[in-house]
Amino acid sequence: MALDPVDAVVIGAGAGGGVIAKELACAGMRVVLLERGRWITAWDDHKDDLRNQRTSVLGAPFGPDDERNPRVAVDRRGRELVVLPSDGAYSNNAACVGSGTVSYGAMAWRYMAQDFRMKSIYGCPPGSTLDDWPITYDDLEPFYEKAEWEMGVSGDVAPDPFHAPRRRGLPMPALPPNREYEILKPAALRKGWHPFDIPMLRNSVPYNGRGPCMRCRWCVGFACEVNAKNGTQNTVIPTAMATGLCELRTDAMAREIVLDARGHATAVTYFDAGSHLQTQPARLVVVSAGAIETARLLLNSKSRLHPNGLGNRYDWVGRNLQGHAYPRAVGLFDHDTYDDVGPGASIAICDFNHGNPGLRGGAMLANEFIRLPIQFTGMTPPDTPRWGHEHKDYMRQFYRRSIAVMGPVQEMPVFEARAELDPRVKDFWGIPVARLSGGRHPHSVEVARAVVVKAAEWLQEAGAIRTWTNVPGLDLSGGQHQAGTCRMGNDPRSSVVDRNCRIHEADNIYLADASVHVTNGGFNPALTILANAYRVAAAIVKERRA
Amino acid sequence: MRKPSRRSFLAGAVLGTAGCRRDTGARLALTGEEARTLDAICDRLIPADQDPGAAATGAVVFIDRQLAGPYARYRRAYREGLARAAALSRKMFGKPLNELTGDRRLAVVTRLERDARPFFEMVLAHTMQGFYGSPRHGGNRDYASWRMLRVPASPVRGRILYDLRQGKES
Ligand SMILES: Cc1cc2nc3c(=O)[nH]c(=O)nc-3n(C[C@H](O)[C@H](O)[C@H](O)COP(=O)(O)OP(=O)(O)OC[C@H]3O[C@@H](n4cnc5c(N)ncnc54)[C@H](O)[C@@H]3O)c2cc1C
Ligand code: SF4
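Each protein sequence line maps, in turn, to chains A and B.
Using my numbering, the first residue of the first sequence is number 1, and each one after it goes up by one.
Using my numbering, the first residue of the second sequence is number 547, and each one after it goes up by one.
Don't read these hints as lab results, they were simulated from the structure.
Bear in mind that the values here come from a model prediction, so they are computed numbers and not experimental data.
Ideal Cβ placement from N, Cα and C applies to all residues, glycine included.
Please note that a few of the clues may not be correct.
Said to hold, decoys possible - Estimated spans, in silico, between C-beta atoms of each pair:
#: 1; chain 1: B; residue 1: 577; chain 2: A; residue 2: 416; range: 45 to 51 angstroms
#: 2; chain 1: A; residue 1: 156; chain 2: B; residue 2: 699; range: 32 to 38 angstroms
#: 3; chain 1: B; residue 1: 629; chain 2: A; residue 2: 79; range: 24 to 30 angstroms
#: 4; chain 1: B; residue 1: 621; chain 2: A; residue 2: 238; range: 40 to 46 angstroms
#: 5; chain 1: B; residue 1: 629; chain 2: A; residue 2: 65; range: 28 to 34 angstroms
#: 6; chain 1: A; residue 1: 542; chain 2: B; residue 2: 696; range: 54 to 60 angstroms
#: 7; chain 1: B; residue 1: 663; chain 2: A; residue 2: 416; range: 26 to 32 angstroms
#: 8; chain 1: A; residue 1: 247; chain 2: B; residue 2: 699; range: 39 to 45 angstroms
#: 9; chain 1: A; residue 1: 251; chain 2: B; residue 2: 623; range: 30 to 36 angstroms
#: 10; chain 1: B; residue 1: 664; chain 2: A; residue 2: 308; range: 35 to 41 angstroms
#: 11; chain 1: A; residue 1: 77; chain 2: B; residue 2: 579; range: 34 to 40 angstroms
Based on the sequences and whatever the hints tell you, model everything.
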């Protein structure tokens, strides 16, 4: 039986979906927000170092659950494995109200102006589908500002000479420095670099009626005990619900977008908490299910006009799956660097995001979030045994005397890096699951090798008695920074959505999440996803009023 | 929130020394013999020194509990790997692994690392988890590893109840 029609169904209550729901509801539209996960708050989060969204060996507490949500991962040798959300190869982000923005580290980066014009600036390397975004930084700038002020960002980017022009500063000052900051800042200055306080979606002072960060150890991967981390679950989603026009349905697993004979979306079908199939009619559908699941949902939405899946006429849905190549340098010190003051990550440089000789793009470099002991066990120098007396001794000596500097390297998109439907494996509800295959472009690894040298130099200048580096290989990227699977573009033959993120050839279906990113910047992606969702919502509202 | 008292701290230190209590009795997923073999492997992966090691702080309890839960999918690999380790020990030294001296145990474990790589890597990862992870899962008894690392065990819970701006309950 069909439910009452609404103006819009938004699929996925994560970063993009939360913003869309709020903007549409505040514009007077009746919205149903479908989320396959649940509300998970600090009450439910047991501060478990083996069961959190960063180290999920015993499960991913912010979803999805291992029991109902398999995927298939194909490695570069062609071996297929059925994988669970708690496995690395699953490429998980999260599944709950707020999704990754509940448990994230909350770095709040604007991409740089160059990041939207990568092909024009650098040219496309062989084997890549590198392209420019159909929009520029200037198109997104007002919406970055809106995201920063509505959701709340602290930090100080003024000392960074590389950031793109901004009309307004950040609404909150940076948190006071931690010990790593005090050690790394003078070292960067001595190198002639430009260190600054990382912008964070985190209250440093009371904001939006919630208190400031209490500097705890349990930040990245966990829910904040004092609600000082700003995600969609404690900002835009409550605002959307307060309008009385947005109904959030949790435990609601969308199966398919239903189209009429003209290719016009009429409804979304989903399984409710009791696993009953429901049909929610709507005038407009916005998909914000995250890069992999959005592609999966479109591919599962087959109709007469879209026999290969919605928006997939030219086989671009699910392609160009990317994330970030994350190289890391670790430095050991002869004095304590650990001070147990969260969130840990505090200082960054953007000196190597662009302008690396002979290379395309680069990465922001920053110190790491607090490393829990289990996360340090694998951080050994190449010649230190991984077990036994020596390893234990190493742990004892250096857990509190080590700093890691890492950076999200902007990747060169690869057409064969993809999410498609697995022909055999289905999830608990009988829906075909995502099948991930392909690998990273060699140039991304080359860039990672180059910028990690700078990270090591930074640590050496800071007095590290020993440094080493780890650089990721050619395995498929994605993970928490997954993006790119439904590219935004002007040409329907080489993109899935137009510049307003409406699916080419489907007049009332929009995407608003990381799937539309053409490239993913040399930065963590959340603020760009949020800003773009504000922009997409503005386009929807404008069109509706016209 | 628990602060280790001086007494429990001393108890932990005592546990770490030779001849300490080994609870290798009733298991959820492993047989007694398997548990003893595994215990001997864990003992070499993270040995006791001035601080307790993995075996004395419950690594086997940790692994056994996970095998009865989220790690059920590794049961077979444990069954086969532990049988292989036991056989290797008898072949090399004519005795079960847990009856060997430390040096001989080390020789067997080193051989496993070379010849039974996937099994070894799995046990190594799980032993690290048991020893350095939260004690609520059965390993790292009394936060032994965290104390060794000088990390205060402070599971912050429930602060959301308080309005930090006013310093009072909200
Ligand atoms: C531990 C961790 C740390 C991170 N740190 C940072 C950081 O410091 N800075 C940063 O910028 N980013 C960070 N991220 C990444 C950030 O959270 C993601 O980039 C962001 O959430 C992605 O936004 P999205 O809108 O694309 O998708 P998501 O936010 O993942 O939202 C998708 C939502 O859709 C739901 N969904 C999917 N399929 C369906 C379906 N069929 N039916 C119903 N609902 C569905 C999902 O459950 C999910 O809630 C971190 C993530 C994690 C997990
Ligand atoms: S470090 Fe601050 S923002 Fe992060 S969880 Fe702790 S109190 Fe919350």
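Legend entry - Broken hints, by number: No hint contradicted; all consistent.
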